[in-house]
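Position chain B relative to chain A; hints supplied.
So you can see what is in the structure, the chains are spelled out below.
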Amino acid sequence: MASNDISPAALKRFIVRRLRLDQVEPESIADEAPLVGGGLNLDSIDLLELVVGLEKEYGVKIADVTEGRTALASVQSLAEFLAARRPGA
Amino acid sequence: MRPMTGPATRALHDRLLDNLASSPERAVLRIHPGNRSLDPDTFERTILGAERRLARVGGHGERSALLEDPNRLVLLSARNGEAYLVAIAALWKRGRVPLLADADLTRDEIGELVSTFRPSFCLLDRRVDPEGADSESLGEMLPGLHACLPKVRAGVKPLSLPDEAAIVRLTSGTAARPRGVVVSVEQLLADARQITRTMKIEPGDTMVTAIPLGHAYGFVHALMSLVHQGTRLALLEQPLPAILVEALAGPGPLVLPGTPYLCEMLIQAAGRHRFKGLRLCLSAGAPLPEVLSRAFKERFGQPIRTFYGASECGGIAFDRSPDGVLQDGCVGTPLDGVEVTIQPQAGQENGVGRILVRSAAVASGYTPAAAGDLHPGAAGRPGTFLTSDLGRLDDKGRVVLTGRVDRIINVGGRKVNPAEVEALLKKVPGVSDAVVFGVPDRHRGQTVCACVVGAKAVTREAVLETCRANLAPYKIPRRIEFTARLPVTARGKTDRSALARLISSRSEARP
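Here the protein sequences line up with chains A and B, keeping their order. The opening residue of the first sequence carries number 1 in my numbering; numbering runs sequentially from there. The opening residue of the second sequence carries number 1001 in my numbering; numbering runs sequentially from there.
Worth flagging that the hints you see were computed from the coordinates, not collected in a lab. Treat the hints with care, as some may be off.
Claimed, not checked - Dumping the calculated SDA-like pairs for lysine to any residue here, alpha-carbon to alpha-carbon at most 20 Å:
#1 B:K1200 to B:L1278
#2 A:K56 to B:D1406
#3 A:K61 to B:D1394
#4 A:K61 to B:G1034
#5 A:K12 to B:R1479
#6 A:K61 to B:Q1268
#7 A:K61 to B:P1033
#8 A:K56 to B:R1274
#9 A:K61 to B:V1245
#10 A:K56 to B:H1443
#11 A:K56 to B:A1270
#12 A:K61 to A:A84
#13 A:K61 to A:D5
#14 A:K61 to B:P1376
#15 A:K56 to B:K1396
#16 A:K56 to B:L1292
#17 B:K1396 to B:R1442
#18 A:K56 to B:G1271
#19 B:K1427 to B:D1406
#20 A:K56 to B:R1442
#21 B:K1157 to B:S1115
#22 B:K1493 to B:D1406
#23 B:K1415 to A:S44
#24 A:K61 to B:G1271
#25 A:K56 to B:E1246
#26 B:K1456 to A:Q23
#27 B:K1456 to B:K1493
#28 A:K61 to B:K1427
#29 A:K61 to B:R1274
#30 A:K61 to B:H1273
#31 A:K61 to B:K1200
#32 A:K61 to B:D1389
#33 A:K56 to B:I1267
#34 A:K56 to B:A1295
#35 A:K56 to B:H1273
#36 A:K12 to B:E1461
#37 B:K1276 to B:A1295
#38 A:K61 to B:K1157
Because the structure is a prediction, the values reported are computed rather than measured.
One chain only, chain A, in its complex shape (with noise of 0.2 Å):
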């Protein structure tokens, strides 16, 4: 089932749930800040696991790495990316 919930606030339980990031409160994480190389210290096998993740709970497929890296450079541009490209978007 998809979630419909793309808000910034939304994108960050997700990304704590999802990384089982047990130490990091959703609210704490700026929606501006770098996801990698930012706060989170997010290595390869956590991009791998949100796009994993946006693929089975929001039905949106990454499949170059380019448009991933700017779907995931923050929880902003991810709003932004799924806003667009949400099915029935």
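For chain B alone, coordinates are given in the frame of chain A:
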């Protein structure tokens, strides 16, 4: 066959080209995403072009000063791509020895490697300037691969390498500095031969390569299968789920050298695909959970086969069991040509001891030279390597791993030396002590956890900021716990089991 002339590594280049020339297939290499294929002639021309540019690297005129440089070591840190294969082939043709570094290393980590190994030059797939503004950029040697010269060259004595050296792999030393493992031409070929023979990997198979070529596992399974016997590659520039699905939907027979996470990702991303072309799926790098193995078999009708190896000795064991689902810790029987015995270890019971490997693929030694548990054989004869893994042999002759003798943390196949992270944490202002160790992680086997003793003003964010500036992402502690003091044993040493209990009690206290 091409005549044998020039440096030892040239044999590997020539063998690759002979295999390309005799390949009945027009596509020896497919690049994903896009499924772009490369025929042997184009591939050979690209290698030639790279070799010419390599000859000019560092030269300000027609001839390169580096051509006469006796230092053969070249640091290579890059992600998977056509350029990686081409660079290796061109370097080997020129008698160069690639030092294989992780593609995720930071600028400071590359700088540390440069100062330890003193390479002739570096090839990087990103604009990392390893020694600040003074290092000299030499431009793009291949599309996406930049060459640069370390700053201090005059008077720097290169590390001595044996004539037969083919590559140098990095491994975590016991101190905070990395060590290099020198692997010869014969040892690389022996490893590829033992692996392909045991796993029945044929020249007609295609290796779907999502794992990094720069790591021992990817280098030998993918790149060396191509060099050794012309097995084709489907090379993923990024292991994104959709790209892996694209590659596995291609014509078979396909072999996938995987990891536990990659296999789990495949189950989630497969959709309706059954991957009929997939003939053999391997897993290495981290322990394969039995439950994942069962789920995979149920989904795709075939098991995940566990492979176990080490940078110092190449492939060690492989799962040849009839049903292919092993209990946790079991990694199968020794490869053809490999002998495994258990060296008794004080304090261990039930036949558990250190895994001792005897194989023609055991490396030549460490560089910078270090006393190690590595005893290379004479050319073509087996050498021995005493691993840091603890285990036993079961009644079927299978190797069962039970732990390690050292503190090295295995993050999804990448080894993290806690000493390196601890040394860095102690430099954070206000931090008086730090202990780093591994904690279980579903996707990676282990992740890095740090226990930090420091002034009240020290924050998690301050600790992470220092880590981010100095460490590759996989080395950065995923968990940081603050404590007023570290528990010590009666002998005054840090009590690691008490720390582990503290961490797990804090995890349970969380909602």
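Hints, verified against the model:
1. B:K1200 to B:L1278: holds (14 Å)
2. A:K56 to B:D1406: Violated, at roughly 39 Å.
3. A:K61 to B:D1394: At roughly 45 Å apart (the allowed maximum being 20 Å), B:D1394 and A:K61 break the hint.
4. A:K61 to B:G1034: Given that 20 Å is the threshold and the Cα spacing comes to 15 Å, the pair holds.
5. A:K12 to B:R1479: At roughly 19 Å apart (the allowed maximum being 20 Å), B:R1479 and A:K12 satisfy the hint.
6. A:K61 to B:Q1268: Answer holds: A:K61 to B:Q1268 is near 12 Å, not above 20 Å.
7. A:K61 to B:P1033: holds (14 Å)
8. A:K56 to B:R1274: holds (18 Å)
9. A:K61 to B:V1245: holds (12 Å)
10. A:K56 to B:H1443: holds (17 Å)
11. A:K56 to B:A1270: Holds: A:K56 and B:A1270 sit about 11 Å apart, inside 20 Å.
12. A:K61 to A:A84: It holds: about 12 Å lies between the C-alpha atoms, which stays within 20 Å.
13. A:K61 to A:D5: Holds. A:K61 to A:D5 sits at ~17 Å (cutoff 20 Å).
14. A:K61 to B:P1376: Violated - the C-alpha atoms of B:P1376 and A:K61 are around 49 Å apart, more than 20 Å.
15. A:K56 to B:K1396: violated (41 Å)
16. A:K56 to B:L1292: Judged against 20 Å, a Cα distance of about 19 Å means the pair holds.
17. B:K1396 to B:R1442: Answer violated: B:K1396 to B:R1442 is near 28 Å, above 20 Å.
18. A:K56 to B:G1271: holds (10 Å)
19. B:K1427 to B:D1406: Violated, at about 24 Å.
20. A:K56 to B:R1442: holds (19 Å)
21. B:K1157 to B:S1115: With a Cα-Cα distance of about 11 Å, the restraint between B:K1157 and B:S1115 holds, given a limit of 20 Å.
22. B:K1493 to B:D1406: The given pair, whose Cα atoms are some 15 Å apart, holds under the 20 Å limit.
23. B:K1415 to A:S44: holds (15 Å)
24. A:K61 to B:G1271: holds (12 Å)
25. A:K56 to B:E1246: holds (18 Å)
26. B:K1456 to A:Q23: holds (18 Å)
27. B:K1456 to B:K1493: violated (24 Å)
28. A:K61 to B:K1427: Status violated; Cα separation ~43 Å.
29. A:K61 to B:R1274: holds (19 Å)
30. A:K61 to B:H1273: holds (15 Å)
31. A:K61 to B:K1200: Distance of about 35 Å is beyond 20 Å: violated.
32. A:K61 to B:D1389: violated (40 Å)
33. A:K56 to B:I1267: Since the Cα atoms of A:K56 and B:I1267 sit roughly 12 Å apart, the hinted pair holds (cutoff 20 Å).
34. A:K56 to B:A1295: holds (18 Å)
35. A:K56 to B:H1273: Distance of about 16 Å is within 20 Å: holds.
36. A:K12 to B:E1461: holds (18 Å)
37. B:K1276 to B:A1295: Holds: B:K1276 and B:A1295 sit about 17 Å apart, inside 20 Å.
38. A:K61 to B:K1157: Given pair A:K61, B:K1157 is violated - Cα atoms ~51 Å apart, limit 20 Å.
Of the numbered hints stated above, those contradicted by the structure are hints 2, 3, 14, 15, 17, 19, 27, 28, 31, 32, 38, listed in ascending order.
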